[in-house]
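Chains H and V supply the protein sequences, listed in that same order. The first sequence lines up with residues 0 to 357 when you count with numbering that gives the first Met the number 0. The second sequence lines up with residues 0 to 444 when you count with numbering that gives the first Met the number 0.
Some clues are possibly wrong.
Interface residues of chain H toward chain V, partial, derived using beta-carbon atoms under 8 Å [as the list claims (entries may be wrong)]:
no.: 1; residue: Gln23
no.: 2; residue: His202
no.: 3; residue: Ser312
no.: 4; residue: His318
no.: 5; residue: His337
Chain V residues, not near chain H, derived (Cβ > 10 Å throughout) [claimed, not checked]:
no.: 6; residue: Glu94
no.: 7; residue: Thr119
no.: 8; residue: Arg136
no.: 9; residue: Gly206
no.: 10; residue: Ala297
no.: 11; residue: Ala416
Hints in this document: simulated from the structure, not taken from any laboratory. Glycine residues also receive a C-beta, built at the ideal position from the N, C-alpha and C atoms.
One letter stands for each residue in the lines below.
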Amino acid sequence: MFYREAGQYKASYQADQAIFPIAQDRIVVVALLAVAFLVVPFVVSEYTYRAVLIPVVILSLAAIGLNVLMGYCGQVSLGSGAFMAVGAYAAFNLSVRLPFLNPFVCILLGGFVAAGVGIAFGVPSLRIKGFYLACATLAAQFFADWAFLRIKWFTNYTPSGSVNAPPLQAFGYDLSSPTANYLVSLVFAVVLGLAAKNIVRGHVGRQWMAIRDMDIAAEIIGVRPMYAKLTAFAVSSFLIGVAGGLWAFVYLGSWEPAAFSIDRSFQLMFMVIIGGLGSILGSVLGAAFIVLLPIFLNQALPPLGALFGWKISTATVSHFESMIFGALIVFFLIVEPHGLARLWSVAKEKLRLWPFPH
Amino acid sequence: MGLHKLALLGAAIASAGVIAATTAPGSAWAQNEQFIPGLVYRTGAYAPNGIPFADGARDYITLLNERDGGINGVKITFEECETGYATDRGVECYERLKGKGPTGAAYFSPLSTGITFALTEKAPGDKVPLITMGYGRSDSRDGAVFEWNFPLLGTYWTAANVAVQHIAKEMGGFDKLKGKKIALLYHDSPYGKEPIAALDIMSKKYGFEFLPIPVAAPGTEQKSQWLQIRQQKPDYVLLWGWGVMNSAAVTEAGNVNYPRDKMIGVWWSGAEPDVVPAGEKGAGYKALMLQHPAGKSAVYADLEKLVIAPGKSLAKPDEIGSVLYNRGLINSMLGTESIRTAMAKFGNKPMTGEQVRWGIEHLDLTAERIKQLGFEGMIGPIKVSCADHEGTRLSRVHQWDGKKWNIISDWYTADDAVIAPLVKDTAAKYATEKKITPRDCSKES
Numbered sequence: 000m001f002y003r004e005a006g007q008y009k010a011s012y013q014a015d016q017a018i019f020p021i022a023q024d025r026i027v028v029v030a031l032l033a034v035a036f037l038v039v040p041f042v043v044s045e046y047t048y049r050a051v052l053i054p055v056v057i058l059s060l061a062a063i064g065l066n067v068l069m070g071y072c073g074q075v076s077l078g079s080g081a082f083m084a085v086g087a088y089a090a091f092n093l094s095v096r097l098p099f100l101n102p103f104v105c106i107l108l109g110g111f112v113a114a115g116v117g118i119a120f121g122v123p124s125l126r127i128k129g130f131y132l133a134c135a136t137l138a139a140q141f142f143a144d145w146a147f148l149r150i151k152w153f154t155n156y157t158p159s160g161s162v163n164a165p166p167l168q169a170f171g172y173d174l175s176s177p178t179a180n181y182l183v184s185l186v187f188a189v190v191l192g193l194a195a196k197n198i199v200r201g202h203v204g205r206q207w208m209a210i211r212d213m214d215i216a217a218e219i220i221g222v223r224p225m226y227a228k229l230t231a232f233a234v235s236s237f238l239i240g241v242a243g244g245l246w247a248f249v250y251l252g253s254w255e256p257a258a259f260s261i262d263r264s265f266q267l268m269f270m271v272i273i274g275g276l277g278s279i280l281g282s283v284l285g286a287a288f289i290v291l292l293p294i295f296l297n298q299a300l301p302p303l304g305a306l307f308g309w310k311i312s313t314a315t316v317s318h319f320e321s322m323i324f325g326a327l328i329v330f331f332l333i334v335e336p337h338g339l340a341r342l343w344s345v346a347k348e349k350l351r352l353w354p355f356p357h
Numbered sequence: 000m001g002l003h004k005l006a007l008l009g010a011a012i013a014s015a016g017v018i019a020a021t022t023a024p025g026s027a028w029a030q031n032e033q034f035i036p037g038l039v040y041r042t043g044a045y046a047p048n049g050i051p052f053a054d055g056a057r058d059y060i061t062l063l064n065e066r067d068g069g070i071n072g073v074k075i076t077f078e079e080c081e082t083g084y085a086t087d088r089g090v091e092c093y094e095r096l097k098g099k100g101p102t103g104a105a106y107f108s109p110l111s112t113g114i115t116f117a118l119t120e121k122a123p124g125d126k127v128p129l130i131t132m133g134y135g136r137s138d139s140r141d142g143a144v145f146e147w148n149f150p151l152l153g154t155y156w157t158a159a160n161v162a163v164q165h166i167a168k169e170m171g172g173f174d175k176l177k178g179k180k181i182a183l184l185y186h187d188s189p190y191g192k193e194p195i196a197a198l199d200i201m202s203k204k205y206g207f208e209f210l211p212i213p214v215a216a217p218g219t220e221q222k223s224q225w226l227q228i229r230q231q232k233p234d235y236v237l238l239w240g241w242g243v244m245n246s247a248a249v250t251e252a253g254n255v256n257y258p259r260d261k262m263i264g265v266w267w268s269g270a271e272p273d274v275v276p277a278g279e280k281g282a283g284y285k286a287l288m289l290q291h292p293a294g295k296s297a298v299y300a301d302l303e304k305l306v307i308a309p310g311k312s313l314a315k316p317d318e319i320g321s322v323l324y325n326r327g328l329i330n331s332m333l334g335t336e337s338i339r340t341a342m343a344k345f346g347n348k349p350m351t352g353e354q355v356r357w358g359i360e361h362l363d364l365t366a367e368r369i370k371q372l373g374f375e376g377m378i379g380p381i382k383v384s385c386a387d388h389e390g391t392r393l394s395r396v397h398q399w400d401g402k403k404w405n406i407i408s409d410w411y412t413a414d415d416a417v418i419a420p421l422v423k424d425t426a427a428k429y430a431t432e433k434k435i436t437p438r439d440c441s442k443e444s
């Protein structure tokens, strides 16, 4: 009734190829952004910022990055933690060695360094595919772990190997408050997310999808595999690297290589798979699911147990958290193997017909 | 088909709503309560060591509530949050707990060097002190720069220095260290790397060869490291491990037949869970003490009567009186005594984090007061000040005989001539990096 495109005529190619061709979608997206930027800062608590919103926003950006590579270009990667680490440590080194640089400029430049490293580790993808490529990107993970643990120069010779982010300032304003942290992360995520969305809709994105669907056919119709795969690695690593810089500077403040371990790579991969391969929206949904569900379970179980007169200990809560989390992942993969984004598109289809289904 | 998918989506949205609801701030707090948070790990690779500590910390607070009705009539509320030793979960727990209670969290003790590093960045903004008893940043001893960090009772640099002192004593003097080889088998994380800077300096000063050998976390796999130790034949092996890494190291030492009495663990590698799994192979192994031994001091009389016997403790019988359980008790004792110190200045009401910080900085436990608290024989006197957030630099060594820990040394005092310049350097470097202007400790009251 409300969600239908009948009567919305597209008079130009531009209108036909817009990101959101349906007016209702545009309204919803603009409204969501308005809420995120204008309403959220006035209503949420500091805990919600620090434990919920900031991690979700930053990891969404990382998941978008991985989705570019895995979902759009079809190249399996287990090295996302490494690219986050490269972004974080590059930003740190830039801020230490060039102290006049703004920390956020360092984060962006860190993204470019990560893109370079991503291209280097993407070269094997020209020859190897599938599980074998996953193994090759795993090498990136172990290499980054090793480099940031062992090469003292990267950590500016700190005795413990743990490094600190510089104070977050821009144009003389102190940006260390949770609201400012959130808004900065959100700006990065929205701008880069929008850029990613446009890239995947453009000719580069089409090349990636052609490679993903059938690389030989793509080559025959004139897609250069090297160019397509390496641009996918570069764009993906750039986004992941910027997310790594934000994670280190904005969320953690002080970190060690363990913050970007293989667990982080798997976590990002789960986000992309559960959220939906080949979908920007899916990346955000997946990040929210993976970050929030454990926290939610952890907090909801004790009151839930209390309802039935059962006092749950901290350890039991933690065990239940892992079990339910695992079970839910399996459940979602069975009922909707295409991810949460697919659920949303199914809902959209239904909405179009509502309230008069066939 | 489609309907149940819609229902799924609905469920997802609903759960998001519930998250928002449960995380919403603002609940009624009883006004006369002091909130103390507990960042614990009762699960994961480090749980064997995390559980007794968490139980000890909890039981001492229960004891104060049961026996004295809290601190000076202010009841203590206590809540745990499971971190699993992971930094990001630790940060989430910190954010969750820091605002609870009428005055917010009194102090945090994360029992993880990684979480301590992350919270060091956040504590000054939130005005919550960190008590990192025997762990955390070694340079945070410098209270002028690290206003909110309190590595009470000892830092890793103190530990490294005392370990070398003990080796020198066993060899018959510091001059005997020349040309000797000391290996450091360490957990490859900020925790394990902290002592390296101090050991480097000492190796130059005393002329021994220093051989750092990293073990990847969590440290169950150490075959190649022990092969290296067999080839290099160090005279001593210092063990800087945590959780399963410790018992694995002691077991491997037994397998390659490295003499256990030439191994000295830091105080985080010197508890029952570290040696019991190694069985016979653990006998002879030595470790530093964070001052206190295993066993029961005078405080146990009340503890057993009021907390353990009535079933208010979570501890298993074999935990009680163990090294890490005692450490938990001491952690809570130092924290609550700091609150008491703060109350002496600010009045008998719940203290804010800022007031507790003042209390820790002015904590002065004499031998007499320690005896009164029932901790005689556990720790020596401690006096914290703005310039010295560590408070004391004492340690002893104990040895595992296969059944129990026996104290084998007298008290050592760390040599400040070695440590103080290093603290000054790294703290100053931190201050420049973070653009902090150090406080002038001579003007602090």
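Does the structure break any of the earlier hints, and which numbers would those be?
Going through the list in order, the structure violates hints 1, 2, 5, 6, 7, 8 and respects the others.
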